[in-house]
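For the protein sequence lines, the chains are A and B, in the order given. Quick note on numbering: UniProt numbering labels position 208 of the first sequence as 208, and the sequence is numbered without any gaps. Quick note on numbering: UniProt numbering labels position 182 of the second sequence as 182, and the sequence is numbered without any gaps.
Coverage of chain A stretches by chain B, computed from C-beta distances (three or more under 8 Å per stretch; other residues unrestricted):
(1) 65 to 73
(2) 78 to 90
(3) 170 to 182
(4) 190 to 202
FYI, nobody ran anything at the bench for these hints, they're computed from the structure. Ideal Cβ positions, reconstructed from N, Cα and C, are used throughout, including at glycine.
Protein chains: 2
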Amino acid sequence: MPAEHMVRRFDDELEKLDATISEMGGLAESQLAMALAALREHNSETAEKVMKADNRVDELDRAVQNQVIRMLALRQPMANDLRLIVTSIKIASALERIADYAKNVAKRSLQIQPLTTPSPALSGVDRLGRLVQALLKDVLDALASKDIERARAVWTRDADIDDVYHGLVRELLTYMMEDARTISACTQLMFMAKNIERIGDHATNIAELLLFRWTGEEVVEERPRGTS
Amino acid sequence: MPAEHMVRRFDDELEKLDATISEMGGLAESQLAMALAALREHNSETAEKVMKADNRVDELDRAVQNQVIRMLALRQPMANDLRLIVTSIKIASALERIADYAKNVAKRSLQIQPLTTPSPALSGVDRLGRLVQALLKDVLDALASKDIERARAVWTRDADIDDVYHGLVRELLTYMMEDARTISACTQLMFMAKNIERIGDHATNIAELLLFRWTGEEVVEERPRGTS
Numbered sequence: 001m002p003a004e005h006m007v008r009r010f011d012d013e014l015e016k017l018d019a020t021i022s023e024m025g026g027l028a029e030s031q032l033a034m035a036l037a038a039l040r041e042h043n044s045e046t047a048e049k050v051m052k053a054d055n056r057v058d059e060l061d062r063a064v065q066n067q068v069i070r071m072l073a074l075r076q077p078m079a080n081d082l083r084l085i086v087t088s089i090k091i092a093s094a095l096e097r098i099a100d101y102a103k104n105v106a107k108r109s110l111q112i113q114p115l116t117t118p119s120p121a122l123s124g125v126d127r128l129g130r131l132v133q134a135l136l137k138d139v140l141d142a143l144a145s146k147d148i149e150r151a152r153a154v155w156t157r158d159a160d161i162d163d164v165y166h167g168l169v170r171e172l173l174t175y176m177m178e179d180a181r182t183i184s185a186c187t188q189l190m191f192m193a194k195n196i197e198r199i200g201d202h203a204t205n206i207a208e209l210l211l212f213r214w215t216g217e218e219v220v221e222e223r224p225r226g227t228s
Numbered sequence: 001m002p003a004e005h006m007v008r009r010f011d012d013e014l015e016k017l018d019a020t021i022s023e024m025g026g027l028a029e030s031q032l033a034m035a036l037a038a039l040r041e042h043n044s045e046t047a048e049k050v051m052k053a054d055n056r057v058d059e060l061d062r063a064v065q066n067q068v069i070r071m072l073a074l075r076q077p078m079a080n081d082l083r084l085i086v087t088s089i090k091i092a093s094a095l096e097r098i099a100d101y102a103k104n105v106a107k108r109s110l111q112i113q114p115l116t117t118p119s120p121a122l123s124g125v126d127r128l129g130r131l132v133q134a135l136l137k138d139v140l141d142a143l144a145s146k147d148i149e150r151a152r153a154v155w156t157r158d159a160d161i162d163d164v165y166h167g168l169v170r171e172l173l174t175y176m177m178e179d180a181r182t183i184s185a186c187t188q189l190m191f192m193a194k195n196i197e198r199i200g201d202h203a204t205n206i207a208e209l210l211l212f213r214w215t216g217e218e219v220v221e222e223r224p225r226g227t228s
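So that you can see chain A by itself, here it is in the shape it has in the complex:
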């Protein structure tokens, strides 16, 4: 095959890779939104929908892996391309994890009985969820618009989420100690909060990968952590 065709094929593959990752990002976002809605509205149908849709994300993660392998076989990519390719694999993994955590939130929402769940606890988890949703949206926007500064801004925001998360855990412990009937629900909420906090970590991790992809700079310092 003439060299020119190879280059064109490589560029086509690059576009396809971007498209797959952006489809994964969209799915991860909507999975999180639906999981939070399922919790808020005690809607088991929505929860089931989230649990079913997770397969598609796993499929796309495997697709990224195979696309990358194909691209590497097509030509010997240069430094920039290589960073792009290597970070693609890692971003896909992070998005797959995010969708998986959303699925877990949805699954746990099925265990929440409104009668034995303190409603401020429920709102607390929802609030944390919205913070993390905004973070995830920002990092995906940064990815789509190749906006380095936006990616950098995401990186520093994780600390707020940490603080909200730790405050919520303390609140949940208090409910459990005050009323043993809430223990089961609050335990579920605590795990959900942890899952949501982990989604925030992965979003921040994607921001780090984007910085590495675009600048070659590696983020080795510990990122800002919450104070609590």
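Given chain A, put chain B in place with the hints provided.
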């Protein structure tokens, strides 16, 4: 540079990559062992040691990424090499996650007050930890000895760990409901159990990656899950 030298350099890099991953594996194993010891012996010094050693694992994860980028720049690798390279990145990520979960177990062990911790609950977490330790050891042995059958065996064993984990969660909930003073410790133990269970998931995930690396076969079916 003559072609022969390129090949030799590639093979050298391949060896270096294997060495880095096997160092990561050894560290992940020892981090988990020390975290469990810290919990068992209420030893805060050991816990601190685990928390400090985590940096080294993160460093090695970045080293794998850079080695892979260097190798891809050296030559256009063939299908087998590519699978090896792509799975190396993912295995390194999984080991980094495992070490991170071990660090989290160590950190939480500092919060465990022997007086308000039901000792069977503590032994339960330790038992789960040993099961997962054995699983991790097996998958690392499979990696070192390139033993496909051993990797395949790891893949099916995760279900037992799921069962033990879910039994333990039920047990912890019972203690919390019976005696509110145990809530704080049991919550920590529940998160530790979750972390340990996740280590098992990642070990299984490494087994899947090894199967893909050596055979090209992708494990798309759901792996066996516990019944509880």
